[in-house]
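Asker: The lines below spell out each chain.
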Amino acid sequence: MRAVNRTWKAVAIVLIGLIAGFLYPLLSKEFGNPYAIVNGLVIGLLGSLYIVIIELYLVNPHNRRIGFLARWFRKTATYTVFLFFLILFVLTASRSIELGMNYSDYLQSDHFAKLIFQEDIHIIFLYTLFLSAAIIFVNQLSRKMGQGVLWNFITGHYHRPRNEHRIFMFLDLKDSTRWAERLGDEKFSNLLNDFFYDITPAIIATEGIIYRYVGDEVVVSWHTAQGIRNANCIRASFLAKLAIKRRREYYLGEYGFVPEFRTGLHCGTVVVGEVGEVKSQIAFVGDVLYLGSIIEAKCKAQGVDNLVSQDLIREVPLPGIYQTRPVSSIPDKRGNEIGLYTVSEVTFTSPY
Amino acid sequence: MAEGDIRARKLKQGRIMIVAGTLLGVFYVMFSDGFVAFYPFVNGAIAGAFAGLAVAVLELGLFAGALRRSKFGYLLLIRTLTYLVLLTTLILLVIIISRMIRLDQGFSQVLNDPSFHHYIFYEDFPIVVVYTLALAFSINFIRMISRKMGQGMLVSYVTGSYRKPVLQERVVMFLKLKNSMAISQQLGPLIFQDFLNDVFHDITESILAHQGTIYEYVEDLIVITWNISQGLDNANCIRCYYHATEELEIRRSKYYAKYGVVPLVYAALHAGELIRVEIGDIKSEIVFHGDVMNTTSRILDQCRVFESDLLVSDALLCRLNLPEIFTSDNKGIVKLKGKVTGMGVCEIIEKTSLEEATETQV
Numbered sequence: 001m002r003a004v005n006r007t008w009k010a011v012a013i014v015l016i017g018l019i020a021g022f023l024y025p026l027l028s029k030e031f032g033n034p035y036a037i038v039n040g041l042v043i044g045l046l047g048s049l050y051i052v053i054i055e056l057y058l059v060n061p062h063n064r065r066i067g068f069l070a071r072w073f074r075k076t077a078t079y080t081v082f083l084f085f086l087i088l089f090v091l092t093a094s095r096s097i098e099l100g101m102n103y104s105d106y107l108q109s110d111h112f113a114k115l116i117f118q119e120d121i122h123i124i125f126l127y128t129l130f131l132s133a134a135i136i137f138v139n140q141l142s143r144k145m146g147q148g149v150l151w152n153f154i155t156g157h158y159h160r161p162r163n164e165h166r167i168f169m170f171l172d173l174k175d176s177t178r179w180a181e182r183l184g185d186e187k188f189s190n191l192l193n194d195f196f197y198d199i200t201p202a203i204i205a206t207e208g209i210i211y212r213y214v215g216d217e218v219v220v221s222w223h224t225a226q227g228i229r230n231a232n233c234i235r236a237s238f239l240a241k242l243a244i245k246r247r248r249e250y251y252l253g254e255y256g257f258v259p260e261f262r263t264g265l266h267c268g269t270v271v272v273g274e275v276g277e278v279k280s281q282i283a284f285v286g287d288v289l290y291l292g293s294i295i296e297a298k299c300k301a302q303g304v305d306n307l308v309s310q311d312l313i314r315e316v317p318l319p320g321i322y323q324t325r326p327v328s329s330i331p332d333k334r335g336n337e338i339g340l341y342t343v344s345e346v347t348f349t350s351p352y
Numbered sequence: 001m002a003e004g005d006i007r008a009r010k011l012k013q014g015r016i017m018i019v020a021g022t023l024l025g026v027f028y029v030m031f032s033d034g035f036v037a038f039y040p041f042v043n044g045a046i047a048g049a050f051a052g053l054a055v056a057v058l059e060l061g062l063f064a065g066a067l068r069r070s071k072f073g074y075l076l077l078i079r080t081l082t083y084l085v086l087l088t089t090l091i092l093l094v095i096i097i098s099r100m101i102r103l104d105q106g107f108s109q110v111l112n113d114p115s116f117h118h119y120i121f122y123e124d125f126p127i128v129v130v131y132t133l134a135l136a137f138s139i140n141f142i143r144m145i146s147r148k149m150g151q152g153m154l155v156s157y158v159t160g161s162y163r164k165p166v167l168q169e170r171v172v173m174f175l176k177l178k179n180s181m182a183i184s185q186q187l188g189p190l191i192f193q194d195f196l197n198d199v200f201h202d203i204t205e206s207i208l209a210h211q212g213t214i215y216e217y218v219e220d221l222i223v224i225t226w227n228i229s230q231g232l233d234n235a236n237c238i239r240c241y242y243h244a245t246e247e248l249e250i251r252r253s254k255y256y257a258k259y260g261v262v263p264l265v266y267a268a269l270h271a272g273e274l275i276r277v278e279i280g281d282i283k284s285e286i287v288f289h290g291d292v293m294n295t296t297s298r299i300l301d302q303c304r305v306f307e308s309d310l311l312v313s314d315a316l317l318c319r320l321n322l323p324e325i326f327t328s329d330n331k332g333i334v335k336l337k338g339k340v341t342g343m344g345v346c347e348i349i350e351k352t353s354l355e356e357a358t359e360t361q362v
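Protein chains in written order, with my numbering: chain P, 1 to 352; chain F, 1 to 362.
Just so you know, the hints here were simulated from the structure itself, not pulled from any lab data.
This structure is a prediction, so every number in the text was calculated from the model and none was measured.
Worth double-checking, as some hints may not be accurate.
To be verified - In silico lysine-lysine, PhoX-like type, Cα no more than 25 Å apart, as pairs:
#1 P:75 to P:9
#2 P:187 to P:114
#3 P:174 to P:245
#4 P:187 to F:331
#5 P:174 to F:164
#6 F:351 to F:176
#7 P:298 to P:241
#8 P:9 to F:71
#9 F:71 to F:178
#10 P:245 to P:300
#11 F:351 to F:331
#12 F:164 to P:75
#13 P:241 to P:300
#14 P:298 to P:245
#15 P:333 to F:178
#16 P:333 to P:298
#17 P:187 to P:245
#18 P:333 to F:176
Claimed, not checked - Partial list, derived from the structure: chain P residues whose beta carbon lies under 10 Å from chain F:
#19 22
#20 154
#21 192
#22 196
#23 200
#24 203
#25 207
#26 218
#27 279
#28 281
#29 293
#30 294
#31 297
Just so it is clear, CB atoms sit at the ideal spot from N, CA and C, and this is done for glycine as well.
Please model the complete structure; the sequences and the hints are all you need to start from.
Answerer: See the structure below:
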């Protein structure tokens, strides 16, 4: 799966804004009026830039856990109000230029009163409301479906299965059976949700894609190029560990322990394809996945927190802060041994 | 049984669409014209009924066939355009007919009327077309996405029903392809995916027609769940399996010609309480947690041991009202991982004749 990158998202949103701004005069019988079209484009541009800045560059979407409907209503309301006043401003400004009037004079004139009370101001409001609601809805839905999933469904990129070379990380909670018994089903389910929630930013920051959740396990995947860049696939688990550490007080207070996890990393060629027509999934299929989970399970026996296969170690240029140590090996399907390495950060000691 | 269920379901859906269309037509007139005259209501009802009929034909005929497997973007385009053409034609016809009545003109007279031309090209009509386009696009988009996400998922996400864990009693079926290792080696991984997709596509309608909900696909395995009452009712969970195998049987020659193999499936059924909860912030999933899933998976493993195509746990069987053509054969106790007590399982067998049944009862 491809995660659509931020710049492209920004470009897409601005384009949609421009198109919507261009379409509006068409709908409001003002087609052919150059002022209306310029206004439409200006509004579309400013409005979409506002959205891009707020959504993609300022707000961290992970900061709050609120329900779908609540978030939808809240966002729609904010956007509608902002965009509506933007439109009103651009419209009045362009009218005042058109009439050759000073802006404040225009606001006090009959033209302004007429605009507010007699023209299609209410239609503009409804149009803004409808459009923001629709876009925010699709955006939230796309988030729920996973990075790039909606987009890949629409383009049909994986409609026919394809071979892809990818990196996989299996991230598994330590001692989950014991904690599940101790906490009870409901509390444990809350724990898992908190845990998944807290490690998500680390995965996004390292360009990983959350493929699926299997019980207490998260399967993360990278396009090889993206996973290798900055040693993203290796850094992901270290970042996630830090994220959990920073929340240790919360976990201790709420559940009586701080969750720890193990990771197994492997890479190779898998088949990627849309599966099923109802409840469709974009699925990865291949031995790589099976071996990845075996590698992860091997961590426990070897008493280490992470294991990386030699296939991957060979491909990733590791930053100096990381050191590797050969630990063990597992046989692949053909009986060849795959060496396993554990990666750790170099520890520094310095005299006082 | 094989064809009946799906057709009955389609006919029922078709009737609902026509009735809904008629009612919408009447409502529209009520809101736009009020109760001034009687004629508009007849117009509205007739136009609505035709629209409903057209939608039913499109949805249950044209769009229900092979087209359903086309790419999302392509299908969305086709559906939107079809509906746009259909609805604008209908609106145009209604306008023409109402003008014929109002102005007491013939069909061709209306068409040649300059005021009609003016209305079509310069007045509200282009706006109506654009709104119809927007409406057709959004409704089709939401419907198609909802299907992709799985039955009821979209609504559950939006309303947040499972943001807090919920305890639910459900019937669970694991349905798996036989001999998949050998088939996948024979076909190679890419073709095998196509093959699997064909199989899943062909049994999807069987699952929907028996009120099953597709929970997930795990390689060559489908996990289906039922709300307990719907699963037990009409022995839907059992019938679903047989219906699905028949759907595959009907298409044997197609599979053989295309892949050189014929798909056969086996299944395990169990029921019990599960925790259902929405997890994850990105790529959210509504998952089931609980022993029932593990147990069903264990029962599925036993299918291979006993060489049975359909194994049902005692926990489910004792609550099922088994239809007369089926009989159950006790296979004993299956040991479960980490549990002291095992789970009794039975094989479901279809009787070859009903007389045999009376004999065994005597």
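Asker: Of the numbered hints stated previously, which ones are contradicted by the structure, given in increasing order?
Answerer: Per hint list: 2, 4, 9, 19, 25, 29, 30 and 31 violated.
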